[in-house]
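Colleague: Line order of the protein sequences matches chains A and B. Under our numbering, the first sequence has 155 at position 155, and the numbering climbs by one with no breaks. Under our numbering, the second sequence has 675 at position 448, and the numbering climbs by one with no breaks.
Just so you know, these hints were derived from the structure itself, not from any lab. Keep in mind that this is a model prediction, so the values were computed, not measured. Glycine included, each C-beta is placed from N, C-alpha and C at the ideal position. Treat the hints loosely; a few may be bogus.
What the hints assert, rightly or not - Label pairs and their calculated CB-CB ranges: (1) A:S73 with B:R579: 24 to 32 Å; (2) B:L571 with A:P39: 54 to 62 Å; (3) A:Q159 with B:L682: 29 to 37 Å; (4) A:H137 with B:R579: 20 to 28 Å; (5) B:I683 with A:T17: 51 to 59 Å.
Each chain, written out:
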Amino acid sequence: MYTLQGVTKQYRRGKSTVHALAGVDLTIEDGGRLVIQGPTGGGKSTLLQMLGGLDRPTAGSIELDGMDLARLSEAKLTKVRAQNIGFVFQSFNLIPTLTAQENVETALVPLGVKAAERRRRAAEALDSVGLGERLGHVPGEMSGGQQQRVAIARALVKQPKVLLADEPTGNLDESMRDEIMEVLEALWKEHGLTFIMVTHDSSIARRAPRLATIRKGEVTITENAAA
Amino acid sequence: MFFTYLRRELRRRRKAALVVASGLALGIALVIIVSSVSSGMSKAQDKVLESLYGLGTDMTVTKAATAPKSGSTGRPKFEFDAKDSDDDATQSTDRVMVQGFQTLASSTVGKVGKQDGVAGAVGGLSLSVMKVDGQFKRGEFQQEGGTSQGGGRGPGGGSGQPQGEVRGGGASFDVNSYTVYGTDVTQQDLGPLTSSKITSGRTFKTTETNAKVAVVDSAYAKEKTLSTGKTVTIHGTEFTIVGVSTADSGDAAANLYIPLQQAQTLSDSKNKVTTVYVKAADSQKIDSVKSAIQKNISGTTVTTSADLADTVSGSLSTASDLAAGVGKWLSIAVLVAAFLVAGLLTSSAVSRRVREFGTLKALGWKSGRVTRQVIGEALVNGLIGGVLGIGIGLAGAYAVTAVSPTLTAELGSSGGGGGMRGGMMGGGGPGFGRQSASKALDIALTAPVSLSIILIAVALAVAGGLIAGAFGGWRASRLRPADALRRVE
């Protein structure tokens, strides 16, 4: 479970100070699904980085299962990311020289999983996103949708507690968008993980049971009982 | 994963890898070529020095110079009979002189041998022989009117005597100068003869301490049509030639080699030597041995190979200075430039892969693992550069050896370290006296590549890779995982 209290993030841009997050208080239950929406530069990606332990707040605390990510040492934070958090990025962020299977394996490397076991689990993960036949293909040989499926497989292969997705459909056309969203929702339900997603897409936001809207660093939560 | 990732990245960035590797290869190749040429020059100098006093000799001991005695010219004197008959027979005389230096007592050899740090000492006597032979021809009296009278007497003077003049007559003499070296046949592992190989017959037996046997230098043997089994006469003593020797450098220490006792007898120098050849027990302590000998045995001059090397000039010396100076600094400059370029290119490559490395850190890769990956790639680039550099360097060294440019070593023209002085006759002879006259030796330059040079090249390749990796690794280690996401905003 995530518990955020008074999370503030400021950084300098030239001579001015940008208040990316201004005292955010937020709780996200285990297995919950939250969509973060807001205008460009509103602080949604900054919030996602804080939740993923990629950046530290200027003030406040971000607790994940009792660990304050704001105060953990760099080594422990790296371990938390390796074990508990899966990321899906807008630009897929796959290693262009590695095959789909090898890209998925990169998520298991920091966990010390043996090579044979890595290969087996990566193949299973790719099979679960419908890419069982494309294990040996490099990203350049796959469509955008397929590349994002590889990225999803990479995020889920280590069976994390949390899945963070930053505009996962931002670079995809409409049909691909729906396809990827179906995959993500199915996996969320199947694995029971906490799923937090940033999106500009209102049609996706409407499908979320809980919506966090960020404007000028402040968060407003909207519950959607119909979703 | 490390090797898979490494292999794929190197394949993907072939051009960049090739640029880095080529830069390092150039530097490493230069180091190999310059080192091997320097090594070849060092060998050439050693060869020149060996030709002077033989293999294995670390220093020589000679007598310090003293002023010539008053009234003594030191020059050879020849006397011929002014015969009073009609005899036109050939007259011959020769002079055997101790060459170059004043002599030392044979006991000096033993004293030198007992000094600390001396592994061996052997004495030798250098002689110079000048042989003059020819004939006087009497003139003939030509009487006016055509009648000729022999006898060479003057035209007389009284009236009624036949009138005429002496015509023709004179002298024709041939001068043959050659060098003889008296060698200690019981200790043949030191001294000038060690720089020659016996190419016909044999060398001296250790029992031939006073035998009338000689070894002749091949060049002199060819000139005088001498060979094994023939005899050669020196100052009235006939020596049987038992062997023909050929100098390794092409420049022999002496024309003839005979047992030391025979040389002492011929030159009337009983128990005398001109030079003591010394081998040091430790080649690193030659200077201390030199000091000990000079201190403990007064009246001697000790000359080491280093002293002698200072007297080598000519193109060999110039090329050697070039290799040691320009070559060395050029190699260092190219290497430093190659290391810097490799480092900057690696760092630049990391900058282009910010998202990639940021993503890996977001996935939980430790900074150390990412840094190792970058260093691994740079190290492989360095090793590829090393392999290329070794290949180019070996080819360059092979080309130098194949072309074998001839370098000239001039000996003794610069005066001389170690108190070397001019030989009396100015001719060649064993020992340092040979450098008394400016003397040129042609040496073919080679560029031998030793295992140590290859190991240095490998070490440089690894160092180049590590330096480049350090640049890139430092850059990668400072990357924040947030950059992976920030890039997509």
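Colleague: Sort out which numbered hints this structure fails and list those numbers smallest first.
Modeller: 2, 3
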